[in-house]
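Working from the sequences, and respecting the hints, build out all of it.
Heads up: the protein sequence lines correspond to chains A and B, in order.
Per numbering that gives the first Met the number 0, the very first residue in the first sequence carries number 0; after that it's consecutive.
Per numbering that gives the first Met the number 0, the very first residue in the second sequence carries number 0; after that it's consecutive.
Derived from the structure by calculation, the hints contain no laboratory data.
Predicted model, so just to flag it, every value in this text is computed and none were measured.
One should not assume that every hint holds.
[What the hints assert, rightly or not] Which bits of chain B does chain A cover? Going by a derived footprint, with three or more residues having C-beta under 8 Å, they are:
no.: 1; segment: 67-75
no.: 2; segment: 86-94
no.: 3; segment: 99-105
no.: 4; segment: 137-146
Backbone N, C-alpha and C define an ideal beta-carbon position, used for all residues, glycine too.
Number of protein chains: 2
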Amino acid sequence: MNVTITTFKWVPGFAQGYVRDLRPRWACEEIGRPYEERLIDGDPKPDDYFSEQPWGQVPVLDDDGVHLFESGAILLHLAEKDERLMPRDAQGRASTLSWLFAAFNSIEPWMFELATVDIFATGEEWAKLRRPSLLQTIGNRLDRLADALGENDFLAGRFTVADIAMATVLREAGDTDLVSSRPALSAYLDRCLSRAGFQKAHADQLATFARNAPEPVS
Amino acid sequence: MNVTITTFKWVPGFAQGYVRDLRPRWACEEIGRPYEERLIDGDPKPDDYFSEQPWGQVPVLDDDGVHLFESGAILLHLAEKDERLMPRDAQGRASTLSWLFAAFNSIEPWMFELATVDIFATGEEWAKLRRPSLLQTIGNRLDRLADALGENDFLAGRFTVADIAMATVLREAGDTDLVSSRPALSAYLDRCLSRAGFQKAHADQLATFARNAPEPVS
Numbered sequence: 000m001n002v003t004i005t006t007f008k009w010v011p012g013f014a015q016g017y018v019r020d021l022r023p024r025w026a027c028e029e030i031g032r033p034y035e036e037r038l039i040d041g042d043p044k045p046d047d048y049f050s051e052q053p054w055g056q057v058p059v060l061d062d063d064g065v066h067l068f069e070s071g072a073i074l075l076h077l078a079e080k081d082e083r084l085m086p087r088d089a090q091g092r093a094s095t096l097s098w099l100f101a102a103f104n105s106i107e108p109w110m111f112e113l114a115t116v117d118i119f120a121t122g123e124e125w126a127k128l129r130r131p132s133l134l135q136t137i138g139n140r141l142d143r144l145a146d147a148l149g150e151n152d153f154l155a156g157r158f159t160v161a162d163i164a165m166a167t168v169l170r171e172a173g174d175t176d177l178v179s180s181r182p183a184l185s186a187y188l189d190r191c192l193s194r195a196g197f198q199k200a201h202a203d204q205l206a207t208f209a210r211n212a213p214e215p216v217s
Numbered sequence: 000m001n002v003t004i005t006t007f008k009w010v011p012g013f014a015q016g017y018v019r020d021l022r023p024r025w026a027c028e029e030i031g032r033p034y035e036e037r038l039i040d041g042d043p044k045p046d047d048y049f050s051e052q053p054w055g056q057v058p059v060l061d062d063d064g065v066h067l068f069e070s071g072a073i074l075l076h077l078a079e080k081d082e083r084l085m086p087r088d089a090q091g092r093a094s095t096l097s098w099l100f101a102a103f104n105s106i107e108p109w110m111f112e113l114a115t116v117d118i119f120a121t122g123e124e125w126a127k128l129r130r131p132s133l134l135q136t137i138g139n140r141l142d143r144l145a146d147a148l149g150e151n152d153f154l155a156g157r158f159t160v161a162d163i164a165m166a167t168v169l170r171e172a173g174d175t176d177l178v179s180s181r182p183a184l185s186a187y188l189d190r191c192l193s194r195a196g197f198q199k200a201h202a203d204q205l206a207t208f209a210r211n212a213p214e215p216v217s
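Structure representation (structure tokens):
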């Protein structure tokens with residue numbers, strides 16, 4: 000049962016610690032599943048890589064010859080084999096699926112737009128004009144997320160793969176106060192990120208990029 | 000085995016035919032699974048509805064007492080019980096999951112931004128300035144999607160729940176030429192939407208809204 004996670008050999012500093020191979024790495028750590036890294040060039044990407052991942056992104060997963068792309072699909076695939084990430088009772092499974100998709104379709108899309116505004120289009124007039132209403136929209140979403148979490152430690156009651164998804168999405172709020180200004184969400188995020196599985200996954204991603212850093216141009 | 004799909008009693012014209020209860024309706028039609036509608040007010044929403052759906056959106060699903068929200072989770076839940084929507088072989092399942100998440104996390108987020116620009120923020124200066132680069136970004140995504148589809152009729156080789164997701168996402172391109180200018184994608188979308196299951200689901204959604212249209216103010 001060999002798991003291989005494909006990711007980039009190296010990425011620029013602002014992306015280190017955030018590349019989405021972090022998600023399957025974390026899932027594997029939670030269930031003690033060893034994996035191998037397969038490292039590809041990020042810029043330019045190998046031409047034939049687009050046949051593995053339609054948009055040339057990472058991660059992709061190979062699990063004993065079965066191929067998956069999209070970090071959500073990969074998380075679900077890994078979780079389904081282990082009750083520690085996916086409850087086996089019908090409502091526990093249903094809640095985990097609901098929150099897994101909520102992370103990817105109800106929160107992360109707005110984080111993508113925030114990344115466009117704050118990173119990729121920074122300095123552009125439209126980005127400056129858009130930013131306040133976008134922060135307001137994300138804030139409203141996060142208020143409701145905090146309401147739904149309530150007094151629970153984790154989204155589906157106990158830690159599941161949905162928390163791997165949501166915590167990595169919430170981290171994308173970056174230097175804004177979107178999470179830090181909401182104590183319940185901030186505590187939730189700390190609770191997720193203080194897990195040994197995240198810490199190991201994060202350190203391993205950084206170590207890979209450090210090992211493969213390009214030679215400084217002198 | 001009673002399935003109940005919750006949706007709004009009525010929505011304004013521009014949203015009719017696009018409300019996301021269309022997705023589980025379509026899935027139910029494909030597998031011949033009867034369902035009941037539960038209709039709620041859309042504006043304002045019942046206060047206690049937020050405990051069922053964190054953002055007050057539709058659909059939610061009740062399947063014999065098991066509760067789900069997020070149309071992606073609901074689609075997956077319905078599909079898992081029927082091979083017509085979810086292949087049982089390992090790679091077929093993996094491909095279906097990959098494309099299901101691709102629809103929700105790699106294409107729809109950009110359609111959300113398009114809806115903001117073209118509908119909710121129409122007339123705003125930033126929306127006008129943003130629109131060209133957004134169309135370019137979506138176009139690039141769709142070019143790669145067309146490449147990945149290649150000569151296949153459907154994303155995972157044969158029709159699966161991923162096509163319900165992707166076709167409903169592509170419909171969100173609305174009046175733009177994003178899909179219509181790409182013959183392979185346009186043919187793919189037609190292939191999906193011409194299915195009896197979509198036609199019935201779409202007609203049933205429209206019929207519900209027609210039945211519950213508010214009295215005209217005279």
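Going down the list of hints, with the structure as the test:
1. For a cut-off of 8 Å, the count of residues in the segment 67-75 of chain B with a CB near a CB of chain A stands at 7, and the three-residue condition holds.
2. Coverage of a stretch by a chain is defined here by at least three residues with a beta carbon nearer than 8 Å to that chain's beta carbons; for the segment 86-94 of chain B and chain A the count is 4, and the condition holds.
3. Closer than 8 Å: that is the beta-carbon criterion, and the segment 99-105 of chain B has 6 residues meeting it against chain A, so the requirement of 3 holds.
4. With 4 residues bearing a CB less than 8 Å from a CB of chain A, the segment 137-146 of chain B meets the requirement of three and the coverage assertion stands.
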